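Engineer: As given, the protein sequences belong to chains Y and R, one line each in that order. In terms of numbering that gives the first Met the number 0, the first sequence opens at residue 0 and continues consecutively. In terms of numbering that gives the first Met the number 0, the second sequence opens at residue 0 and continues consecutively.
Possibly wrong hints are sitting among the right ones.
Straight-line distance between alpha carbons at most 20 Å, and here's what the computed EDC-like set of lysine to aspartate or glutamate pairs gives [claimed, not checked]: (1) Y:Lys260 <-> R:Asp365; (2) R:Lys274 <-> Y:Glu285; (3) R:Lys369 <-> Y:Asp277; (4) R:Lys369 <-> Y:Asp269; (5) R:Lys263 <-> Y:Asp134; (6) Y:Lys282 <-> R:Asp135; (7) Y:Lys275 <-> R:Asp365; (8) R:Lys323 <-> Y:Glu278; (9) R:Lys263 <-> Y:Glu382; (10) R:Lys323 <-> R:Asp365; (11) R:Lys274 <-> Y:Glu323; (12) R:Lys266 <-> Y:Asp134; (13) R:Lys323 <-> Y:Glu330; (14) R:Lys323 <-> Y:Glu285; (15) R:Lys312 <-> R:Asp365; (16) R:Lys323 <-> Y:Glu323; (17) Y:Lys275 <-> R:Asp135; (18) R:Lys266 <-> Y:Glu382.
Note that these hints are calculated values from the structure, not bench results. Predicted model only: the values in this text are computed from it and were never measured.
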Amino acid sequence: MDMSFSPEEMAFRDEVRSFIADNYPQDLANRRTRGEMTKEEILTWHRILYKKGWVVPHWPVEYGGTGWSITQRFIWNEENARAETQALLPFGLSMVGPVIFNYGNEEQKKRFLPGILSADDWWCQGYSEPGAGSDLASLKTRAVLDGDHYVVNGHKIWTTLAQYADWMFCLVRTDPAAKAQEGISFLLIDMKTPGITVRPIITMDGAHEVNEVFLEDVRVPVENRIGEENKGWTYAKFLLGNERSGIAGVARSKKAIERLKSIATAELMDGQPLIKTDEFARKVAELEIDLSALEVTELRTLAAESKGKGPGPEASILKIKGTEIQQRITELAVEAVGNYGSVEVPTGEMAGNDFVAGPAYSNGAAQNYFNMRKTSIYGGSNEIQHNIIAKMVLGL
Amino acid sequence: MDFSFTEEQTLLRNSVQALLNDKYDFDTRRKIVKSADGMSKPMWAQFAELGLLAAPFSEEQGGLGGGAIETMILMEEFGRHLVVEPFVETVVIAGGFLREGATKAQQDAHIPGIVDGSAIWAFAYAEPQGRYNLADLVTTAKKDGAGYTINGYKAVVLGAPWAQKLIVTARTSGGQRDRDGISVFIVDKNAAGVSTRDYPTVDGRRASEITFENVKVGADALIGAEGKGLALVEKITDQAIAALSAEAVGCMGELNKATVEYCKTRKQFGVPIGKFQVLQHRMVDMFMAYEQSVSMTYMVNLKLEEAEAERVKAAAGAKVQIGKAGRYVGQQAVQLHGGMGMTDELNVGHYFKRLTMIDTQFGNVDHQLKRYSTAA
Numbered sequence: 000m001d002m003s004f005s006p007e008e009m010a011f012r013d014e015v016r017s018f019i020a021d022n023y024p025q026d027l028a029n030r031r032t033r034g035e036m037t038k039e040e041i042l043t044w045h046r047i048l049y050k051k052g053w054v055v056p057h058w059p060v061e062y063g064g065t066g067w068s069i070t071q072r073f074i075w076n077e078e079n080a081r082a083e084t085q086a087l088l089p090f091g092l093s094m095v096g097p098v099i100f101n102y103g104n105e106e107q108k109k110r111f112l113p114g115i116l117s118a119d120d121w122w123c124q125g126y127s128e129p130g131a132g133s134d135l136a137s138l139k140t141r142a143v144l145d146g147d148h149y150v151v152n153g154h155k156i157w158t159t160l161a162q163y164a165d166w167m168f169c170l171v172r173t174d175p176a177a178k179a180q181e182g183i184s185f186l187l188i189d190m191k192t193p194g195i196t197v198r199p200i201i202t203m204d205g206a207h208e209v210n211e212v213f214l215e216d217v218r219v220p221v222e223n224r225i226g227e228e229n230k231g232w233t234y235a236k237f238l239l240g241n242e243r244s245g246i247a248g249v250a251r252s253k254k255a256i257e258r259l260k261s262i263a264t265a266e267l268m269d270g271q272p273l274i275k276t277d278e279f280a281r282k283v284a285e286l287e288i289d290l291s292a293l294e295v296t297e298l299r300t301l302a303a304e305s306k307g308k309g310p311g312p313e314a315s316i317l318k319i320k321g322t323e324i325q326q327r328i329t330e331l332a333v334e335a336v337g338n339y340g341s342v343e344v345p346t347g348e349m350a351g352n353d354f355v356a357g358p359a360y361s362n363g364a365a366q367n368y369f370n371m372r373k374t375s376i377y378g379g380s381n382e383i384q385h386n387i388i389a390k391m392v393l394g395l
Numbered sequence: 000m001d002f003s004f005t006e007e008q009t010l011l012r013n014s015v016q017a018l019l020n021d022k023y024d025f026d027t028r029r030k031i032v033k034s035a036d037g038m039s040k041p042m043w044a045q046f047a048e049l050g051l052l053a054a055p056f057s058e059e060q061g062g063l064g065g066g067a068i069e070t071m072i073l074m075e076e077f078g079r080h081l082v083v084e085p086f087v088e089t090v091v092i093a094g095g096f097l098r099e100g101a102t103k104a105q106q107d108a109h110i111p112g113i114v115d116g117s118a119i120w121a122f123a124y125a126e127p128q129g130r131y132n133l134a135d136l137v138t139t140a141k142k143d144g145a146g147y148t149i150n151g152y153k154a155v156v157l158g159a160p161w162a163q164k165l166i167v168t169a170r171t172s173g174g175q176r177d178r179d180g181i182s183v184f185i186v187d188k189n190a191a192g193v194s195t196r197d198y199p200t201v202d203g204r205r206a207s208e209i210t211f212e213n214v215k216v217g218a219d220a221l222i223g224a225e226g227k228g229l230a231l232v233e234k235i236t237d238q239a240i241a242a243l244s245a246e247a248v249g250c251m252g253e254l255n256k257a258t259v260e261y262c263k264t265r266k267q268f269g270v271p272i273g274k275f276q277v278l279q280h281r282m283v284d285m286f287m288a289y290e291q292s293v294s295m296t297y298m299v300n301l302k303l304e305e306a307e308a309e310r311v312k313a314a315a316g317a318k319v320q321i322g323k324a325g326r327y328v329g330q331q332a333v334q335l336h337g338g339m340g341m342t343d344e345l346n347v348g349h350y351f352k353r354l355t356m357i358d359t360q361f362g363n364v365d366h367q368l369k370r371y372s373t374a375a
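So here's chain R without its partners, still in its complex pose:
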């Protein structure tokens, strides 16, 4: 039993911390969010230069040979700084599909672009009618010669305005919610028939609604076996959940630190408000929510390679913990900061907004409770 980090892992954390402390303070982040682009291309290039985008890929793929723990470390630091750049979408999700489901030829074609920072990816999976059910798909991919023709609509595709490449789930056979018949494709965002409408999200990111109208892709666009894609989709989204859990831990850690600090200095009735027992207990509850979230985040990141049922319970459990704790810590951090907590100027509200959105990504508390309770 050992919960300590290796020397390499500590170095990785130190280097990303140094970069973000130096170049990603809250004011810089605000400018990035308000810029026309909505993300920082120079920052992304620096991520590439530091090897962050290479972390989870094997050495023969040009990566650093890291695993879930390395991703967890990066995501926690990204959470602390509210990084908006699409690391999860590109490295964790698209990288995950390429690592775990793609052919050698597909890996050779696409991983170098991720590692060197030249390609950004987005994951087009959700549909308006499907809520959080990954199998509830009406987007279709019909066999067309050697390739496929894709038709359909994808909702709230995070990071898509920045992306050149999309991972798209579509139905190659079966009924709307069948587990069988789902396939995963690589689609160029500028392919004929792909149209996007871009917009900002409440947590400072960008997303797109994407319509696919007779979009032709080749046979080499299919990841994994035709019609058997759902298991892979679930595995990769669990990896994304593990990464988001770490990000949420970073957000909560910062909120708790800021709240305790504020309550020590803010004076009302002649004393720091942190002297009031009711607020002390509130902050203790926030602290416990954070510690329990750290535990679940370690747990899910250590169990991503377990058998499916075990992995699903770990991921769903972590997502429930993160969802509940994120809501509590976020709401109470705002409350204890009083009016200041409501402002756009202070970072507190921004962490709260991000935590709120992390709960909805890949299924909220209710969805994950159900998933946990039905995992065989």
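So here's chain Y without its partners, still in its complex pose:
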């Protein structure tokens, strides 16, 4: 057992660190939320990495992967978090991409993987429905075969950044008579197809991140179905497993804790930095310890994965603990900024136009806290993750 990096791994770290330093655009460095960015700005880092050939280190080499070891990938993620680079959108790279190269046919791989890699295609996820959240398999969006097309009717919700999407990977019901999980198919839908309407949902922090997507007699070529008809649940579950493994967010949380500490160093209580007070120092220490534990837990999962044991149900630990930590960091940031926590940073059309009171580090602390409540709801709510562990790991 050994947790330290080898000299080769240290050299790799230096290489990627200097690559990031030399190539990450300075004008993006000061902006951390997507709400402040245009579509092109969100994709800037993706395009730079694509050119370098580093956009999908977690893919097999034959599809564009880097061939890095699990440890190298870990280092890469750490270094990106350390430099606070823009997080790459997961919908193509981590969600539908692996589904396509695992379960798609050659034609589909040729057609869709290049656009995912280059970011010429923006993907969104058509999973949840108003009546199918935690119970995803109860989804009702219907696809009926009509010649060489499916005709799709239904209503998807919580579709992240669908306002920019070119494509949606979508779970549809193709056999309404079958048991819930057995009549589902996995379709790739061109968002320009007639009959698709995207309607924004504004969340309580004022952001427009999620949407409703209405599908009305949307004609989807049969060749856009992944794998077999009525076997879509298998691919959906594979994708959800990947979603969970990326969700721990350890490296980003480390950086967020650093930021929290710098806030608590600037904020004064009776003339003394807040971080020097027992009660706040103790809370930050607890958070760091929780994160250390999660980091090693994630490394253990990765190590198992590198021996061919793909992310199993224990990935739910990473989702639960990872999101609890992310939420706790934002909660403590609100505590740290004190009175200025109540200042609202304008969003949407108003963004950037108005006076924002308080030190820069306090801006958006509360909205960030509100926004992060989503993390224990999305990707399979934390209650569902508990169910998964109870059933699949503990055998209850």
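Got chain Y sorted already, so can you dock chain R onto it with the hints?
Structural biologist: Using the frame of chain Y, we list chain R on its own:
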């Protein structure tokens, strides 16, 4: 021992409930928050007409002779409807300073404007370096002939964009965090040298950053004795804490009701999600947090006139309970509503945001724990 309300108190609750049910539904509130003004002047006039703004003042001051319990009743109902109008700032805080610290002449000059709804007040006390310490002041008021000259900066002054009058704390002597040397002034917001920058808050209100640059006030602007203002400031902020506790109780009550209702109707896996034991226990914990908060709210409102140490423990204790319970109930209400709980459209997130901000007003859980543990 009797925790029941008098007939008059029940009537008061009924009348404010009737008004808010009729005229302050969630859609109306959303329009008010999004309006250029950010508050409803007609609603404020109706509050005045119903006598709500007169509730805690004595009859000789033109009031209804009510006390903390009447304020508590109003605040709970305001909490249920997420009322944004500056009742706490104007009636509880400015009214409190005038009732408890002002001369007869000052009361005669200012209370009628509060009662009839023509004057809105804000409380400019917090400073960027001071966090929640009411005595940590660098704003100064220097004796200048018969009056004073005020210089300094006040942060996050809630309700100030709507206010004509400000209650301002300033240092007339002593060092930055001395308990002695603090004085309380009435300042016209449009006085020469007062400049404001207004902005919205995350809970649908408005606030200002206020700079005071050589602002001249007369001797009649001073409330209470020069340099001895802190005790009064603490007493009035404890009254504000008692009022905010009641508001939080109103918010939590609505969240719990909405959450239980949602879990009874929302079906997943073929059953209402409220059938899942893990969620049942969660809602029981939310219910207990609410009941404990009701208890602390009654307690602090009954103890506002006790000796200082007793009052401070009651106020700090209530604020700790409200802070913890508000966070738990707010977070879990969002969680149990799932994605819907995250939306701007549903009221759940708005209650959660308000509860979050109530925790930071006048000192969060940590601050009040410390205050409680050091109260002599």
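Engineer: Does each hint fit the structure? Answer for all of them.
Structural biologist: Against the structure, the hints come out as follows:
1. Y:Lys260 <-> R:Asp365: holds, 17 Å
2. R:Lys274 <-> Y:Glu285: violated, 34 Å
3. R:Lys369 <-> Y:Asp277: holds, 11 Å
4. R:Lys369 <-> Y:Asp269: This hinted pair holds, its Cα atoms lying about 13 Å apart.
5. R:Lys263 <-> Y:Asp134: With a Cα-Cα distance of about 16 Å, the restraint between R:Lys263 and Y:Asp134 holds, given a limit of 20 Å.
6. Y:Lys282 <-> R:Asp135: Violated, because 25 Å separates the two Cα atoms, which is more than 20 Å.
7. Y:Lys275 <-> R:Asp365: Status holds; Cα separation ~14 Å.
8. R:Lys323 <-> Y:Glu278: Given that 20 Å is the threshold and the Cα spacing comes to 15 Å, the pair holds.
9. R:Lys263 <-> Y:Glu382: Distance of about 17 Å is within 20 Å: holds.
10. R:Lys323 <-> R:Asp365: holds, 10 Å
11. R:Lys274 <-> Y:Glu323: Cα-Cα ~25 Å, so violated.
12. R:Lys266 <-> Y:Asp134: Cα-Cα ~9 Å, so holds.
13. R:Lys323 <-> Y:Glu330: holds, 12 Å
14. R:Lys323 <-> Y:Glu285: holds, 18 Å
15. R:Lys312 <-> R:Asp365: At roughly 14 Å apart (the allowed maximum being 20 Å), R:Asp365 and R:Lys312 satisfy the hint.
16. R:Lys323 <-> Y:Glu323: OK: R:Lys323 and Y:Glu323 at ~17 Å, within 20 Å.
17. Y:Lys275 <-> R:Asp135: holds, 18 Å
18. R:Lys266 <-> Y:Glu382: Given that 20 Å is the threshold and the Cα spacing comes to 15 Å, the pair holds.
When the structure is compared with the earlier hints, violations turn up for hints 2, 6 and 11 and for no others.
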